[in-house]
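Asker: Line order of the protein sequences matches chains S, F and E. So the first sequence is residues 0 to 372, counted in numbering that gives the first Met the number 0. So the second sequence is residues 0 to 355, counted in numbering that gives the first Met the number 0. So the third sequence is residues 0 to 290, counted in numbering that gives the first Met the number 0.
Some hints could be false.
Computed cross-link-like contacts, DSS-like style, restricted to lysine-lysine with a CA-CA straight-line distance of at most 30 Å [stated by the list, open to error]:
{"#": "1", "chain 1": "F", "residue 1": "Lys65", "chain 2": "E", "residue 2": "Lys40"}
{"#": "2", "chain 1": "E", "residue 1": "Lys93", "chain 2": "F", "residue 2": "Lys167"}
{"#": "3", "chain 1": "F", "residue 1": "Lys331", "chain 2": "E", "residue 2": "Lys51"}
{"#": "4", "chain 1": "E", "residue 1": "Lys51", "chain 2": "F", "residue 2": "Lys65"}
{"#": "5", "chain 1": "F", "residue 1": "Lys352", "chain 2": "F", "residue 2": "Lys291"}
{"#": "6", "chain 1": "F", "residue 1": "Lys346", "chain 2": "E", "residue 2": "Lys93"}
{"#": "7", "chain 1": "S", "residue 1": "Lys167", "chain 2": "S", "residue 2": "Lys177"}
{"#": "8", "chain 1": "F", "residue 1": "Lys291", "chain 2": "F", "residue 2": "Lys279"}
{"#": "9", "chain 1": "F", "residue 1": "Lys65", "chain 2": "E", "residue 2": "Lys100"}
{"#": "10", "chain 1": "S", "residue 1": "Lys103", "chain 2": "E", "residue 2": "Lys93"}
{"#": "11", "chain 1": "F", "residue 1": "Lys95", "chain 2": "E", "residue 2": "Lys51"}
{"#": "12", "chain 1": "F", "residue 1": "Lys116", "chain 2": "F", "residue 2": "Lys291"}
{"#": "13", "chain 1": "F", "residue 1": "Lys167", "chain 2": "F", "residue 2": "Lys207"}
{"#": "14", "chain 1": "F", "residue 1": "Lys167", "chain 2": "E", "residue 2": "Lys40"}
{"#": "15", "chain 1": "F", "residue 1": "Lys352", "chain 2": "E", "residue 2": "Lys233"}
{"#": "16", "chain 1": "E", "residue 1": "Lys233", "chain 2": "F", "residue 2": "Lys207"}
{"#": "17", "chain 1": "S", "residue 1": "Lys129", "chain 2": "S", "residue 2": "Lys226"}
{"#": "18", "chain 1": "E", "residue 1": "Lys233", "chain 2": "F", "residue 2": "Lys159"}
{"#": "19", "chain 1": "F", "residue 1": "Lys142", "chain 2": "E", "residue 2": "Lys93"}
{"#": "20", "chain 1": "E", "residue 1": "Lys40", "chain 2": "F", "residue 2": "Lys148"}
{"#": "21", "chain 1": "E", "residue 1": "Lys233", "chain 2": "F", "residue 2": "Lys167"}
{"#": "22", "chain 1": "F", "residue 1": "Lys346", "chain 2": "E", "residue 2": "Lys51"}
{"#": "23", "chain 1": "F", "residue 1": "Lys279", "chain 2": "F", "residue 2": "Lys167"}
{"#": "24", "chain 1": "F", "residue 1": "Lys116", "chain 2": "F", "residue 2": "Lys167"}
{"#": "25", "chain 1": "F", "residue 1": "Lys279", "chain 2": "F", "residue 2": "Lys46"}
{"#": "26", "chain 1": "S", "residue 1": "Lys173", "chain 2": "S", "residue 2": "Lys129"}
{"#": "27", "chain 1": "F", "residue 1": "Lys207", "chain 2": "E", "residue 2": "Lys93"}
{"#": "28", "chain 1": "F", "residue 1": "Lys346", "chain 2": "E", "residue 2": "Lys100"}
{"#": "29", "chain 1": "F", "residue 1": "Lys167", "chain 2": "F", "residue 2": "Lys270"}
{"#": "30", "chain 1": "F", "residue 1": "Lys207", "chain 2": "F", "residue 2": "Lys95"}
{"#": "31", "chain 1": "F", "residue 1": "Lys352", "chain 2": "E", "residue 2": "Lys93"}
{"#": "32", "chain 1": "F", "residue 1": "Lys202", "chain 2": "E", "residue 2": "Lys93"}
{"#": "33", "chain 1": "E", "residue 1": "Lys51", "chain 2": "F", "residue 2": "Lys270"}
These are computed hints drawn from the structure, not numbers from a lab. Here the structure is a predicted model, which is why all the values come from computation and not from measurement.
Chain residues, written in single-letter form:
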Amino acid sequence: MAYDLECERVRKRFGAFVAVDGVSFRIPRGSFFSILGPSGCGKTTLLRMIAGFETPSEGDILIKGRSVLALPPNRRNVKLVFQHLALFPMMNVEENIAYGLRCKGMAKGEIARRTADVLERVGLPDARRKDIGQLSGGQKQRIAIARCMVLDPDVLLLDEPLGALDLKLREHMKIELKMLQSRFGTTFLYITHDQSEALVMSDRVAVMNDGRFEQVGEPRELYHHPKTAFVAGFVGDSNRWPGRVLDRDPAGMRVETRSGLIFIADVTDGGIGKGDAVDVFVRPESIAVTRGEGAGGQDASGETNRRTGRIEGVLFNGANTRILVRTSTGDQIEADLPQGGAEANLGNGDPVTLTWKRTGAKCFARAGGTQAR
Amino acid sequence: MRACKLFPALLSALLVAMSASSWAQDTLRLLTWGSYAPENVIERFEKETGIEVEVTYSNNEEMISKLRATGGGGFDLAQPSHDRIHAAQLEYNIYKPMDLSMIDTSVYDTSLLGAVKENTTIDGETYSVPHFWGTSGLVVNRKEAPDLKSFSDLCDPRYKGRISMRLKRTILIGMGYAMGEDPFAAYGNMTEYGRIIDAAAEKLIECKDNVKTYWTGGDDLSNLLRSGEIVASDAWDGTAFKLNTENSDINFTPPAHGALGWIDTFTLPRKTRAEEAAYKWINFVMQPDVAKMMSSHSGYVTAHRNGGDLTSDQLKQSFNDAFSRQDIANIKWFANIPPGLEDIEGKVLERIKAAR
Amino acid sequence: MTRQHVRRLTLFMLLAPFLLWILLMIVLPHLGIFALSLREKVAPLVYTIGPKNYLDFLREPIYWNTLLRTASISILVTALTFLVGFPIAYYIAKIAGRRVKGALFLACLIPLWVSDLVRAYGWMILLRETGVVSSVLQWTGIVDGPVELLYNDATVVVGLVYTVVLFMIVPLASTLEGMDDSLIEAGYNLGGSGFTVMRRIVIPYAMPGIVAGSIIVFMLTAGSYLTPILLGGKNSMWFTEQIYEQFITRFNWESGATFGILLLLFTSLTVWLGLRLSGQSLATTVARSEA
């Protein structure tokens, strides 16, 4: 398999601070790869090393199989869409796009032809003579991409370019970006702190924290089978409880939270033993809600957890409804209501029974065993 | 308690206010030449009379321009040269006649006083009395340029780049005399005068290569000579005498065709606000001991009847070294400048400056 | 009184000091100078009105040569100031750390703490034949005899550049400060060399600052007096000196006023030409629009 971009144990130190800590990955040709992480996790530094604005302290970066460490930024065939796009305000759209071609020393006619062509492909054929100030947010976005794509880069780097857009436009641009990527067939490396952007667009996602990759995988895999507590907490919404392992068997384990709630949960980490400090994650959509208190109390045996409690809040956001339930032990649990059905009209104060399978609860060792949160 | 504290504060505020208002009357604003108002004389005057002296240093042209701009205001006493008063008064009306009864005229050298009176009397009113007199001629480093004796010697190619001049009317007139003309006699005849200074300008342009730079003030000139960067220049004798006390090689040389004599005067601006203080200053500086202090400081001789003695021994020596009896008799005194002359001269001087 | 009247009155009161200042300190004196320039002296104390002073200027090559010389040296000084000031401004705005930035700005300000005269005398102490530079050169054996570094046009140009360079650095640095670093990075990322990025991105972006700095520097230089005269010596012909000579030495206020008006017109014309050539307008220079 051919890789457009490979990083091998890339490390970057700023004095005593390690921003990127031995990251390795490979991006296959033509795929959409995202690096997802909170701000300050080192993803921007990694991107800048690939673009050539920073030099790695250790490790190697290869583009199309060749090390680019010796190449200055203007000689690397990776193009970057900046966070604030960095369109040149003193040039119009056409000049912005032609800039890179002129740097290559291309003939005038050829430049005009390619510029028109790329504008066609991003769907703005009439924008040539416009000033940057006349464009809307989405149009600027597309021009910034066109400016890079006209140079036919090996990899296109995108540094959270959707951050400045309003919600509606951002949703639209996610789809647009994905479409553009498949139309151009170019390898995209997209960095973001927004998990929904990463999940929607990417073929593969790397979750980054504290300078390291926590997990690399397809969006589905990350969502359903997180390998670390950080991934489980960062990707998607989850109920999270710190607790301690009561006992375990090959099928699962029983965990007691500080408030005395007892869970049965799936083991994701073979190393966890009795008495260890752990975090338990349960996604709201894995919890089934039924009206009434039923048998009452709690049950955490066999394959199912069951709790009763009362609804404290209803959060309706159109596509689904989330309820906040206060259990008899005083814990708060978030759960999603199914669309329609008998439970759709539950309201504040109503008693409910929550059940979820053992496999819906993921259990991870807490880093250092400390009682965080 | 409060009132006790308040009272001194009020009193001091009042005192400050009073002193500020009295400042205007008890201040003498003097418009004069550099070195004509030494610190020690001012201090003594202020102590004796309680009048503060505010000094502005200037030259003949600026004095006239400043007073012209304000119609004779802004200063209480000015010190223009004797030849620059008549025309300026006729054209711009910037001076006020003197009340000679306020001045002890008995201390003056009668010929100097007479000459100034004659030059500055308009419609029977006298406008000036003399203070310092001096001459313009050459300052020469005799070791470096032993036979430089005339203005035209400044153009000797041997001194290429080692000469300075003050690009003002004196150099035109001095050069005129050196070329055998009589510029002062030609004052009344503009065409004749124009011809003389045009010829002088030709000569000055020709020898511009000799000039290192044109000096503008006494300190400027002293630095150039002291450092040895130039060997000769046209100069005021006082500046040269001061240099002679530092370096005996350097002294004033009255040119063979006669040094040019001037008398700096005391003249009242038309809008003087402290006439009384002005008279006090005039009388004060003509006291023998003060005259001696002033003369030793400036290097010039005062118009006191014993002026030649009322100065430092060093200066006396420098003076006698420079001037023979015949040189003194040969001094050409500046004649009153007719109106409009400066404009013609100015144009000629510009031509010299612009020449390459 | 209606509310609108009150508001108008308030606005007027707020603007009054500024309007008075403009009127009393700028408009009236210039009108006065202009009126004076049209006065012709027929005889002592007799005057008429006419363009004679302006015709005299045109007839006398010394005058317009001096004006052209002043303008051309000023343009040269402006260009050199840009060449000297731009790297400093760029360093201050884009490379230096916070603390260094302040120190550098301060260092640029130092020449302004002393008066023009003292500054010129400082240069004279350094550059005169028996001065510091000449002595050092002799001491190190680079030259055999004393060298005179004063009294030539090159010294005048150096002295002027030194005096005005701050007025180029400040507007330039503030324009560059407002420039997003990612524009420069984008310039490199898209394949530009250092030279291309400078020429096609940084300089066009900084153009309003360059123009503002150049206007200030040009006007200051053309209007300077002491530096060209003291450092230029016997050959310094500077137009302000002509004006001084007319007013003070020749008592010819009429022609001095004429020269003043001509200097104003000529420098304004030069600035206008500069704006036309650089494709800027005063409005964009004063307040650049954000893209």
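Asker: Straight-line Cα separation of F/Lys95 and E/Lys51 no greater than 30 Å?
Answerer: violated, 34 Å
Asker: Is the straight-line distance between the alpha-carbon of E/Lys93 and that of F/Lys167 30 Å or less?
Answerer: violated, 53 Å
Asker: Decide if the proposed pair is consistent with the structure: F/Lys346 and E/Lys93, CA atoms, cutoff 30 Å inclusive.
Answerer: violated, 53 Å
Asker: Within a Cα-Cα threshold of 30 Å, do F/Lys279 and F/Lys46 meet the stated pairing?
Answerer: holds, 13 Å
Asker: With the threshold set at 30 Å, check whether the alpha-carbon distance from F/Lys167 to F/Lys207 stays at or below it.
Answerer: holds, 15 Å
Asker: Has the given pair, E/Lys51 with F/Lys270, been kept, meaning a C-alpha gap of at most 30 Å?
Answerer: violated, 33 Å
Asker: Run the distance test for E/Lys233 versus F/Lys167: straight-line Cα separation, threshold 30 Å.
Answerer: At roughly 13 Å apart (the allowed maximum being 30 Å), F/Lys167 and E/Lys233 satisfy the hint.
Asker: F/Lys65 and E/Lys100: Cα distance at most 30 Å?
Answerer: Distance of about 45 Å is beyond 30 Å: violated.
Asker: Under the criterion that the straight-line Cα-Cα distance not exceed 30 Å, is the pair F/Lys352, E/Lys233 satisfied?
Answerer: Holds, at about 7 Å.
Asker: Are the Cα positions of F/Lys167 and F/Lys270 separated by 30 Å at most?
Answerer: holds, 29 Å
Asker: Would the hint linking S/Lys173 and S/Lys129 be met if the CA-CA limit is 30 Å?
Answerer: OK: S/Lys173 and S/Lys129 at ~25 Å, within 30 Å.
Asker: For the pair supplied as a hint, F/Lys291 and F/Lys279, confirm whether the alpha-carbon distance does not exceed 30 Å.
Answerer: holds, 18 Å
Checked against the numbered hints above, the structure breaks hints 2, 3, 5, 6, 9, 11, 17, 19, 20, 23, 27, 28, 30, 31, 32, 33 and satisfies the rest.
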